[in-house]
Structures are given as structure tokens and as C-alpha cells.
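K.L.:
Numbering (this note's numbering) for the sequence shown: 1267 to 1891.
Source of the hints: derived by calculation from the structure; they are not laboratory data.
Don't be surprised by glycine CBs; every beta carbon is placed ideally from N, CA and C.
One or more of the hints may lead you astray.
Derived Cβ-Cβ restraints for the label pairs, each shown as a range [what the hints assert, rightly or not]: (1) Glu1802 - Leu1348: 47 to 53 Å; (2) Thr1431 - Phe1588: 54 to 60 Å; (3) Asn1493 - Thr1658: 51 to 57 Å; (4) Ala1612 - Val1666: 23 to 29 Å; (5) Asp1673 - Arg1560: 46 to 52 Å; (6) Val1378 - Ala1454: 41 to 47 Å; (7) Glu1781 - Pro1527: 26 to 32 Å; (8) Gly1440 - Leu1506: 25 to 31 Å.
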Amino acid sequence: MVSTATQDRGRIEGLDGVRALAIVAVLIFHLRPLSLPGGYLGVDVFFVVSGFLITTLLVRELRANRELDLTAFWTRRARRLLPALATVVAASVALAFFAGDDLLVNIGRQVVGALTFSNNWLEISAGSSYFNATSPQLFVNFWSLAVEEQFYLLWPLLFVLIMATTRTGRQRVGVVLGLAAASALLMALLYTPGEDATRVYYGTDTHAFGLMIGAALALSAAGESWNLLAQTWYRRARVLLALGALGGLVALMLVLDPTQPMAYRGGILAASLLTALVLGALPGPTNLLHLIFRLRPVAWIGERSYGIYLWHWPVILLIAAFAPPTAPDSVASWVQRGAALVLTLAVSAASYRWIEMPVRRDGFRATGRRVLAALTAPGGLTPPRVAFLSTTAVLALFAVAVATAPDRSQVQIAMDEASGVVEASGGESGSVAGSTESPQTGSGETDGESSETDGGQTVDGAAEGPGAQISGFGDSMMYVAAPGLSATFPGMSIDAESNRQWPAVAETVAAALDEGTVRDVVVIAAGTNAGVREPEIVRETLDLLGPDREVVLVNIYGSSFWVEESNENLAEIAADYPNVVIADWHQAALDHPEDLQPDRIHPDMEGMYLYADIVQAALEELGVG
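Please take these sequences and the hints and turn them into a complete structure.
P.N.:
Here it is, written out as C-alpha cells:
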């Protein structure tokens, strides 16, 4: 019987259980965000585990050999990570070739980022958004692998430097905690509420603190003159501390979604520190946590967590692409989720057994020699030859898919077409690209002449048609639906911009009021990418518009965790203003998921007219039109 959690091999028992917690959180977050809004914190659990494990291995090697063989270290990392990663990339791209163009948008950049572990910086430099994707990125989850691999490359060098320039364990822990604090502070300082947070979320510099916290814990546990984990008070309290931390971590996952400023100003850091408290209870004698984490299903998931993480997101997207459109939380959508989960576990288990473990155990060369021997052995169509032919076909499809991949998604194409249609219509929406300049007249006049309406609002005097009294302000939903709105309400002024959130809408409306270009009827559609989380901003905007204007608020649709709360907020606000009604796009999209783009959010050609219909119904409710 093993009486301690640290086996003879040096393996820390319980780490797989922590990994299982992390991957389950990520799976729930990606399958149904509303069920676990903070499930993305599972990635930060992985970061702390990786920092702790890698530093523990470095300390042990340094003590045993008095030096580090960095080439051997990096080779072991490559054997651990590359086989599964290359398999996922090749197979996913090959399957995406049959699924539709949107999954292959900019796939060349994604493949380069995945295979060179630079995904995070390539996507940052390309202006991509983790939170506002007009096309679903097949390897969006690989950003965290890039951060970890950059850590694996740089940390051993920095570790050697720290060990050489410090004399005590306290000093070493202090230096590493200082690096963690600097990273967390940088995240907090660079984050701007209301703006896209991709830069601070993806950045290695701003998101390395979890790795550093794990490293600091490992250095503390390895200290000879000072070992935190060996302190009497800590040994007595560590299990209770760990259980409390585990509860706190789950609580954060239940409430801290990635659109909240608190996530970047202490929330993710708190999750990392709580993870460290959980890990602190693992080295040493067996305790309650070990009994939980060594349960066979938990350990099984944890052992395969790397493959599960790699496979799950491409599998989710591929199943959604091949399956008919479904509404969120419909029976069909739950069937899709179940299929994605089962398939993810199946391919991860197969990859672990037949791809990952052989290379980890025997290395690249020995595995290659064994494969070559199997292929050249006498016999017919043996399983190795079938596997070889299948791999060749996959690689051929992979090459064709990358070579022929589009660079624009269906939503981006629709936005281009919407801009052209609106400008060509001669309506009042020359600002569809997002400017707040006064709209041009239908006759092309730009002298800014205006006339007073009976209600006292100043509008463009040359506007004509049913939409002449309507101003629209919105995000990419209104942008894409502009052709339908323009056809239904000729002369409608449309000011729309991709990823515009409610604070920006409020500023745009205020500027338009100052310019005197807001009309008697106002349609506002915003919050698709971040929700309506600050009702006071909506109320302030409505107060600025005043009681004499009729206002339509278009609610939002999607599977994001903020949709339900946002629509409830909009409904409550509208109930307090007699001149405000809701255009129920959410229900319309639920009833007609076939009228959406491949991203399952924006309307397609039919959907843009459906969008206009629900606006028209809201206007009729107001007695307009």
C-alpha cells in the first residue's frame, strides 16, 4: 500500500484530478456557456498545474545531476505535445474541407500559429477577437497552448538564471512571485472596460501569472532552508485550505464570466491562487483530496486532458457545421452537445493510446522505425498500411484545404454587401461603416440643411420614404440586416459598426443628438458580443432621447451566457418607458434558426428580412408606420 502521494517515480498523485477539474470546466463552458460562465478559468488551472509540474521537474533534475540538460527537457516536451497536436490539426482541417468555408477562413494563419506555438501573438497581430468572432476559428483554443509552450521554452533559461543569482528559497520564491505580480498588474492596467479584451487575455506577458504562481509553489515546496509546505501550521491546515480553495474556485467558475472587468482585475488571479492552494495539499501523505482525485473516472479524464482539450473545440465546430441549424437548448442542440462530448472522449482516448503514448514512451525515432517495419513487413492490407493510406489521404485533403481556404467569412461578406446596398440605395445611412457623421441626402446633397420636425428633433430635410423618420444605431446585427431594413424602411438612417457595445452606442447617440441628426423614431440594436450588463447606460441613452421620440430596442440572440440576462434587462427597461418597445429578435431567431449565418448568430439573406419584420412589428406596436 502506498502511504504517501508521491510515488517512487516522482509522480505527484492528484495532479490528474486537478487536470480533470480544469478540462471539465472548459468543456462545460464551450458546450453551454450559460451553465458555467466562468468555465474558462479551467485554462488558468492548467497554467498553475503546468508551472508547478515543470518547475518541480527542473528542481529534481538540478538536484540529481547538478545541471540541467535543456535539450533533453525540450525534447521531452516535444514528445509529449507534438504528436497529438499535429494529428488534431491535420484531421480537423481535412474534415473542415467538407464542412463549409467559414471553418477554413484564415486557416493558414491558424495552422502556422498552432504548429509554431505562436497562435496567441499571431491572432493579436491580426486583430482577431476571442470574444467577437464573425467566423468560428477552428483552433481558437490553441492560444493557451501557445502561452504554455512559450513558457516551456523560456522558463528553464530564466530558472537557471534565478537559481544562479539567488541564495535562498525565500529569495527565489520572492523573485517568481514578483514576476507573477507584474504580469497580473499588466493585465489589470491594459484592460479597458467596454473594449475588446483579447490582447490582455491572449498575451503571454499579461497571462503568465498562473504559470509563475505554480512555479513559485514548486520552489517553495522544494526549499531546504525554508519550505512552506513543511511548516507545521500549514501541514495541519492544508487539507481544509485546499477544500475551501476548491469550493472558492468552483464558485468563481459559476459567477465570473469573461466579460466582467473583475475577471481581469483580480478574478483570474484569484482563481490561480486558489488553484495553488489546492495543489499545495497534494505532495506528502495521502489525504481526502487524493481519495477524490484518484477515483478512476477522474484520473482517466485527467490523464487524457491534453488530448481532450485539443480535440473538443474542433469537434464542437465540426458537428455544428455538419448538423442542421438548431436553436439553443432545443432537443436537437442537446443531441449535438452529447455527440460532441462522446466523440471528443473517443478520439482523445484513441489518440492517447495509439499516438501519444507510443511516442512518449519510445521517442520519435524508435516509433518511426517500428512504423516503417510494420509497413514493409510481408502481408496484404494490414492495419498499419490502412493507417498509412488514411494518413496520406488526410494530409492531401489538409494541403488542399489550406491552399483553397477563403480569407473572409460569410458574415464579413454579408457586411461588405450590406454596406454597398445601403450606400447604393440613396438612403440616409452613409454611416453604416460606423461613423457618426450626418447622413447624406438621397439626392447626394451634403450641405447639412435640415428642418425642424413637429416634435422639435432636427433631421435631414431631404429624407423620403417610410424610413425618413427612423434613425438606427447598432452593432454588426444591424449592419448585416441593413439591406432588409433599407428595403422595408426606405430612407432609414443606419449607423452601425461591428462589435459596438452599449457604452459606444450611448456615445454615438449623444453625438448625433448634438449634431441634430436623430429622428422621431429610433431603433437601437446592440449587445450581441458583450450583452447588456449595465442597464443604467441604456436608461441614460433613453433619457437623452427624451419622451417625445418612439424607441425600439432590439433584443439579442445566441448561446452566450449573457443573452438571457441581457434580454431580461432590456424588457425591464422597456416596461419603465411608455415610448419604448422591444423588437423580439431572440424569439424570431429561435423559431427560424435556418435563417442565420453559419456563425448561428447573424441573419442570412432571408434572416435580414425577418429582422426587418420584427422591427416593423415593434413600430406597429408603437403606432408608427
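K.L.:
Work down the list of hints and note, for each, if the structure agrees.
P.N.:
Here's how the hints hold up against the structure:
Checked against the given bound of 47 to 53 Å, the beta carbons of Glu1802 and Leu1348, roughly 50 Å apart, stay inside it. Between Thr1431 and Phe1588, the C-beta spacing of about 55 Å keeps the proposed range 54 to 60 Å intact. Taking 51 to 57 Å as the suggested C-beta distance range, the pair Asn1493 and Thr1658 conforms, at roughly 54 Å. Between Ala1612 and Val1666, the C-beta spacing of about 26 Å keeps the proposed range 23 to 29 Å intact.
The hint said 46 to 52 Å for the Cβ distance between Asp1673 and Arg1560, and at roughly 49 Å that hint holds. A C-beta distance of roughly 31 Å is found between Val1378 and Ala1454, which places it outside the suggested range of 41 to 47 Å. A hinted range of 26 to 32 Å holds for the C-beta pair Glu1781 and Pro1527, which are about 31 Å apart. Distance hint for Gly1440 and Leu1506: a CB-CB separation of about 26 Å, consistent with the stated range 25 to 31 Å.
Of the numbered hints given earlier, the model fails hint 6 alone.
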